[in-house]
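Student: Listed below are the residues making up each chain.
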Amino acid sequence: MGDKPIWEQIGSSFIQHYYQLFDNVRTQLGAIYIDASCLTWEGQQFQGKAAIVEKLSSLPFQKIQHSITAQDHQPTPDSCIISMVVGQLKADEDPIVGFHQMFLLKNINYAWVCTNDMFRLALYNFG
Amino acid sequence: MGDMPIWEQIGSNLMWNKIPHYYQLFDNDRTQLGAIYVDTSCLKWEGQPFQGKAPIVEKLSSLPFQKIQHSITAQDHQPTPHSCIISTAVGQLKMFLLKNISNAWVYTNDMFRLALHNFGCPPLSRHSRCFFLPPLPSAIPTPPDAPNIMHR
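Line order of the protein sequences matches chains P and U.
Per full-length UniProt numbering, the first sequence starts with residue 1, numbered consecutively.
Per full-length UniProt numbering, the second sequence starts with residue 1, numbered consecutively.
One chain only, chain P, in its complex shape (with noise of 0.2 Å):
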């Protein structure tokens, strides 16, 4: 990993500390989160670490399992890192199902912290 650039080694550090969280206990991903923080979750947006963390704990599914099937991290302008998921979950029962999530980091007092996040499932409008 020592040759990788740095925002690929942070980003993808991030990416596998969040979807652990996400799978195993994901009323701790607070941390993660600030009170600037923005989520959109299927097109509804949530601002702030209590908010983010209430609506990521009241998600309808008991087990969820993330597959990351391609991650890839840019730096920003403003020294942020844009990280972009590709993969598949499965909640439950349910079928297997594609997602794309994406991820804002800053870093903060020395912490990389999630300032966006945005997710969707691969559902389209076709068979």
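Be aware that one or more of the hints could be misleading.
What the hints assert, rightly or not - Just some of the chain P residues that point at chain U, by a computed CB distance under 7 Å: (1) Cys38; (2) Pro77; (3) Asp78; (4) Ile82.
What the hints assert, rightly or not - Okay, the calculated beta carbon distance ranges per label pair: (5) Gln16(P) to Pro49(U): 28 to 38 Å; (6) Asp29(U) to Asp92(P): 45 to 55 Å; (7) Gln51(U) to Gln16(P): 17 to 27 Å; (8) Leu121(P) to Gln24(U): 22 to 32 Å; (9) Leu121(P) to Met4(U): 19 to 29 Å; (10) Ala54(U) to Glu54(P): 45 to 55 Å; (11) Leu123(P) to Pro64(U): 23 to 33 Å; (12) Asp29(U) to Asn24(P): 47 to 57 Å; (13) Ser62(U) to Ala31(P): 36 to 46 Å; (14) Gln65(P) to Pro5(U): 42 to 52 Å; (15) Pro5(U) to His17(P): 29 to 39 Å; (16) Gln32(U) to Gly48(P): 41 to 51 Å; (17) Leu59(P) to Glu46(U): 27 to 37 Å; (18) Asp3(P) to Gly52(U): 26 to 36 Å.
Treat the hints as calculated values from the structure; they're not laboratory data.
None of these values were measured; they are calculated from a predicted model.
For each residue, glycine too, the CB sits at the ideal point set by N, CA and C.
Once you have looked at the hints, place chain U on chain P.
Tutor: Relative to the frame of chain P, chain U by itself:
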């Protein structure tokens, strides 16, 4: 559209006006796409990184297909901490970061991914798009070749 937050208005305008314009350029003359990137722009195409206007245009011009058929299933827009705007579109897995330079929106970051997983899926290109638009620069120096390519 007057009731929508400003970042939604700008994002929507990009999605429904500028992106069709983008794909029109893409289908007809990809060499003209250079106008919407700057020398600090980054493109990631299926995991391959490109930086700067010239490499990006070279990559896009050399793609082995003539047209790209796209449809936007959903779009989302958010403000970011530095008063920028970030937008994603699903249906098309393509992510852009847009920066306002000299009153025009340019792409500083662009990511494209086909959503192909390890099981059979219909042969339709699925990619998502994300826009990032920074505010009018006060501290950010204007690059000498900043293009004025997007006007409302």
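Student: Can you name, in rising order, the numbers of the hints this structure does not satisfy?
Tutor: Numbers 5, 14, 18, in rising order.
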